[in-house]
Each structure stands twice: as C-alpha cells, then as structure tokens.
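The task is simple: from the sequences and hints, build the whole structure.
Chains A and B, in that order, give the protein sequences. Note that the first sequence covers residues 1 to 236 in full-length UniProt numbering. Note that the second sequence covers residues 1 to 236 in full-length UniProt numbering.
Incorrect hints may appear among the rest.
Copies of the same chain look alike in the list, so a pair counts if it fits in one copy or across any two.
With a Cα cut of at most 25 Å, we get these calculated BS3-like pairs of lysine-lysine [claimed, not checked]: (1) 107 with 23; (2) 194 with 107; (3) 23 with 90; (4) 23 with 137; (5) 49 with 137; (6) 137 with 107; (7) 49 with 23; (8) 137 with 194.
Treat the hints as calculated values from the structure; they're not laboratory data. Computed from a predicted structure; not experimentally measured.
2 protein chains.
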Amino acid sequence: MDEQHITSAFDRDLEAMQAQIMKMGGLVEAAIMEAASALETRDEELAQKVLENDAAIDGLEEIINSEAARVIALRSPTAVDLRLILSVMKIASNLERVGDYAKNIAKRTGVLAQTGHILDSGAALRRMAREVELMLKDALDAHVQRDAELAQDVINRDLDVDQMYNAMFREFLTYMMENPQNITPCMHLHFIAKNIERMGDHVTAIAEQVIYVVAGETPAEERVKGDTTSTAPQEG
Amino acid sequence: MDEQHITSAFDRDLEAMQAQIMKMGGLVEAAIMEAASALETRDEELAQKVLENDAAIDGLEEIINSEAARVIALRSPTAVDLRLILSVMKIASNLERVGDYAKNIAKRTGVLAQTGHILDSGAALRRMAREVELMLKDALDAHVQRDAELAQDVINRDLDVDQMYNAMFREFLTYMMENPQNITPCMHLHFIAKNIERMGDHVTAIAEQVIYVVAGETPAEERVKGDTTSTAPQEG
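Written out as structure tokens, the structure reads:
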C-alpha cells in the first residue's frame with residue numbers, strides 16, 4: 001500500500017464524515033425553524049415533531065464520533081488532517097447543542113399554549129431564529145469550502161443576534177412590570193430568546209473552528225460579546 | 001524502540017494530560033465557589049477575581065487540546081488509549097463551559113449589587129453551587145480512578161440540583177408577582193440559578209465520559225431530566 005493509496009483512503013473517510021456533518025446540519029437547521037414556527041403558531045404537533053427528531057441529531061453525533069475515532073486509529077493522521085478530524089468532532093458537538101436548544105424551545109411551546117396570554121413576540125423570536133439558521137447554513141458552507149472570510153462574516157453577524165436578544169430582554173421586562181399575569185409567559189419567552197442567543201454562540205464556535213482549520217490557530221481576540229444584559233443594570 | 005518503551009511514553013503523556021485536567025478542575029471548582037460566595041456577600045472584588053481567573057481555565061483547555069493532538073499524532077493510540085484521550089478532550093471542554101458559567105455569575109454580581117433589592121436567595125444559590133462543586137470533585141476523582149460507580153452516583157445527584165433549581169424558579173416567580181420592583185433582580189437571580197443547573201449538566205457529561213471510558217459505551221438510557229420548568233405550566 002503506497003502513500004498515495006493511504007492518502008486517498010483518508011480522503012474518502014473524511015468525505016464520508018463531512019457528508020454526515022452536512023446531514024446533521026440540515027436536521028439542525030430544520031429543527032431551529034420548526035421550533036420557531038411551532039412557537040409562533042402554537043402548533044403543538046410541529047413542536048412534538050421537533051422533540052422526536054432530536055434523537056436523529058444525537059445519533060448522528062455518535063456516528064461522527066465513532067467514525068472519527070476509527071479514522072484516527074486506522075489512518076494515524078497528522079498535522080492538518082488530524083486537526084480537520086478533531087474539528088469535525090467539535091462541529092458535531094456544537095450542532096448537537098444547537099439541536100438541544102431547539103428541543104428546549106419546542107418543549108416550552110406546549111406550556112405557552114396553555115398559559116393563554118398571547119404576547120406578540122412569536123414573530124420577533126422567529127426572525128431571531130431565522131438569523132441564526134442562516135448563520136448556521138453559512139458556517140457549514142464555510143466549513144466545506146474552507147472559507148475563512150465567510151466564517152468571519154458569521155462571527156460578526158452574531159452581534160446582531162445578541163442585540164436582538166438584548167432588545168427582547170428589555171421588552172419582556174416591561175411586559176412583566178405592566179401586568180403580573182405576564183410574568184410566567186414572559187419567563188418562558190425570555191428563556192426561548194436566551195436559547196436562540198446561545199444557539200448563535202454555538203454557530204459562532206463552529207465558524208471559529210473553520211478559521212482554526214484554515215489558519216491553524218483560533219481567532220486571537222475573544223470576540224466582543226454583544227449580550228450586555230449580564231453587566232448592565234436593567235432600568236426597564 | 002520496543003513496544004514496552006512506546007507504551008510507557010504514551011502513559012507518561014497521558015499522565016501529564018491528567019495532571020492538566022486536575023489542575024483545570026481545581027481552578028473551575030474554585031471559580032464555582034468564589035462566584036457563589038461573591039454573589040452572596042456582594043463582594044465585587046472577589047467577582048472580579050473570578051472574571052480574571054477564567055483566562056487561565058481557557059488557557060488550560062487549549063494546552064490540553066494541543067497536547068492531545070500531539071499525542072495522537074505521535075503515538076497513534078488505538079482502542080482504549082484513543083478513547084481515553086478523546087474523553088480527556090471532552091472533559092476539558094465541559095470544564096471550560098462550567099468555568100464560563102461561573103464567569104457569567106460573577107458578571108451579574110455587580111448588577112445585583114447595584115439594584116439594591118436584597119432578596120434572601122444568596123445562601124440558597126450558594127448551597128446549590130456547593131452541591132455542583134462536590135459533584136465536580138467526585139466526577140474528576142471518578143475519572144482519575146476509573147470509578148464508574150462513583151460516576152453514576154454523580155449522575156444521580158444531578159437530580160437534586162435540578163430539583164433545587166425548580167424550587168428557586170417558583171420562588172422567584174412569587175417574588176416577582178408580589179412586587180414589580182423585584183422583577184429585574186429576580187431575572188438575574190433566576191439566570192444565576194439556571195447557570196448553576198447547567199453547570200450540573202456539564203458535570204454530568206463529565207461523569208458520563210468516565211462511564212464511557214470504563215464500559216466502552218455511553219450510558220444507554222438518557223437520564224431523567226429533573227428540570228421540569230420547561231414542560232410544566234407555572235402556577236406560581
């Protein structure tokens with residue numbers, strides 16, 4: 001078995017893993033949009049579908065991890081190749097977390113349907129989720145095409161998501177102060193907004209992996225964190 | 001270089017990585033308790049220390065990742081050895097996340113000190129943080145000693161943390177309904193409780209890695225999730 005042959009076998013293995021990542025990414029993108037849509041339209045059936053589909057996402061992560069371990073053991077990749085495989089595992093882990101947040105949103109849909117207080121936040125949450133879903137799509141494209149510039153663009157756009165979250169946080173506070181009956185639904189809506197904001201953080205982590213693979217190092221500066229609610233006192 | 005020699009070199013590498021994990025774990029344990037203590041006593045100086053120390057935790061994760069990549073490339077470990085190294089990387093990643101949550105709690109200390117509403121929740125939050133810190137200590141001991149039973153015990157104890165969180169969630173809701181001035185501080189306190197609950201999830205993930213390494217597979221059943229606030233309507 002000559003060197004050329006070994007390289008090709010590794011490439012085939014890697015391609016198969018990339019295919020699994022894209023499949024997993026597709027499921028996660030669908031989960032994000034379905035969870036947001038179920039929330040907006042109080043569609044408990046669609047929310048249930050998101051809950052059920054999460055097992056497939058988790059299953060893909062396990063497959064990718066096993067496959068990565070198999071490839072490392074079998075091919076002993078070094079330098080760039082090894083970095084690539086470890087990065088695929090990290091991306092799978094981040095995708096799984098995003099899927100978990102989508103599942104968590106779907107779980108709250110039932111609760112919100114029961115509270116009966118219809119606050120007009122579903123559309124805003126869906127827009128925020130849509131933004132994260134587009135970021136995820138670009139992050140995965142950047143991964144496949146080794147496009148560090150596109151990855152950096154994704155990282156920059158996470159600031160918008162953080163700002164959307166900050167605006168909603170303030171909005172929920174005012175609703176709660178206006179009427180105590182809004183407190184319970186707003187706590188849930190706020191959690192949902194925070195979950196979407198965290199999804200953005202995981203998508204950002206995927207984009208950072210792309211830059212790490214392309215440049216051989218993680219971005220030097222920790223990115224500016226756009227969620228200011230943890231440090232600024234909320235005056236309503 | 002005979003097989004024996006190669007094995008010993010691998011063992012030495014692994015031991016060095018385990019030492020880094022224990023060092024990282026020690027820093028994270030300290031961060032949890034310092035963040036909780038700073039919160040309870042509104043000690044902004046101690047909170048600042050937690051913020052500053054987080055860089056050391058992040059740095060250790062990077063060192064462990066680089067070292068893992070180096071060892072994989074150099075020693076081409078297979079089967080159990082490879083599983084062990086990949087598991088060390090996962091544990092480092094979970095530790096880093098726990099450190100992030102401690103940092104997030106420390107950030108909110110300043111805000112809460114400014115709001116001026118002293119709700120008597122600091123002690124309860126500290127007890128919850130203490131429980132998570134003990135779980136982390138045991139999870140890391142289980143890791144070093146390959147003790148699947150202790151790891152399972154840690155996983156079981158996470159239910160207590162989830163129950164503590166549920167109780168606090170309900171308590172915060174009643175505070176907010178009693179007085180709108182409580183809404184802003186309670187939103188922050190609730191976030192802190194949720195962050196501690198999430199720390200417990202990451203510690204559980206570490207314990208699951210221990211079982212994975214010992215048994216060669218992840219626990220079959222997804223554990224029962226004790227945080228019921230996402231599915232149960234809150235009636236106050």
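Each hint, compared with the structure:
1. 107 with 23: Within one copy only: 24 Å inside, 38 Å across.
2. 194 with 107: So residue 194 and residue 107 pass the 25 Å test inside a copy (15 Å) and across (16 Å) alike.
3. 23 with 90: both (16 Å within a copy, 23 Å between copies)
4. 23 with 137: within (12 Å within a copy, 38 Å between copies)
5. 49 with 137: Within. Shortest intra-copy distance 21 Å satisfies the 25 Å Cα cut-off; inter-copy 38 Å does not.
6. 137 with 107: Within one copy, since 24 Å is at most 25 Å while 32 Å is not.
7. 49 with 23: within (18 Å within a copy, 43 Å between copies)
8. 137 with 194: Cα proximity of residue 137 and residue 194: one copy only (20 Å, versus 29 Å across).
The structure is consistent with each of the numbered hints, conforming to all of them.
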